[in-house]
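Chains S and R supply the protein sequences, listed in that same order.
Using our numbering, the letters of the first sequence map in sequence onto residues 1 to 115.
Using our numbering, the letters of the second sequence map in sequence onto residues 116 to 230.
Because the hints were derived from the structure by calculation, they are not lab data.
Careful: at least some of the hints might be erroneous.
Computed footprint of chain R on chain S; a stretch qualifies when at least three of its residues, placed anywhere within it, have a C-beta under 8 angstroms from a C-beta of chain R [as the list claims (entries may be wrong)]: (1) 13-19; (2) 37-47; (3) 107-114.
Just so you know, these numbers come straight off a predicted model, no measurement behind them.
Ideal Cβ positions, reconstructed from N, Cα and C, are used throughout, including at glycine.
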Amino acid sequence: GENVEQHPSTLSVQEGDSAVIKCTYSDSASNYFPWYKQELGKRPQLIIDIRSNVGEKKDQRIAVTLNKTAKHFSLHITETQPEDSAVYFCAASMGGGGSQGNLIFGKGTKLSVKP
Amino acid sequence: EADIYQTPRYLVIGTGKKITLECSQTMGHDKMYWYQQDPGMELHLIHYSYGVNSTEKGDLSSESTVSRIRTEHFPLTLESARPSHTSQYLCASSEYGQRPSYEQYFGPGTRLTVT
């Protein structure tokens, strides 16, 4: 089955710097890659996602890149702010019906943005 | 407003008690999920359902059971709670179909402590 590895497990940056979180997946059939942000005591919320027919997607200060050949995808946050501090989870899915449509999550990255 | 609701939000209960964690969604989604998560840590899928009368076990073995009698309701039951069940339980829902995966929406979670 699919396996998703996420690095680093913790990341500390200064406010205004960029942060990059990387994930690799094992199954080349995966075609949907969302990123979730979970603030302390809150529910995970989708912040951006990408499908396998696209190489990059941006939304204001966040962007995701996908390299299908290497089977890895990354989250980029520019001009980080203290409110970006949270745990970020990547995930992968093969889509469609059945259990292949379930998301396989990485273990999470705890991002701390220091003022 | 469409949302996912979980009750109770916090529960402290003694060993051996039977408990039911409630999850309801007004998103109109067919597929629903239960995840177990120690705060800020990895998300483990324990149960999911494609629709009414459908229940499936997830990747993490769990002593809990689920039922799906109504589309909007997906309760989780522990027949005999143990300290090892202490964790946060997150309910989620998504659309379901043959096209590439759909976004999962999470409820606020139930934090369970078994003494």
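Going through the hints against the structure:
1. 13-19: Violated, because only 0 residues of the stretch 13-19 of chain S bring their Cβ atoms closer than 8 angstroms to Cβ atoms of chain R.
2. 37-47: Holds, because 8 residues of the stretch 37-47 of chain S bring their Cβ atoms closer than 8 angstroms to Cβ atoms of chain R.
3. 107-114: Check passed, 3 qualifying residues.
The structure shown violates just one earlier hint, number 1.
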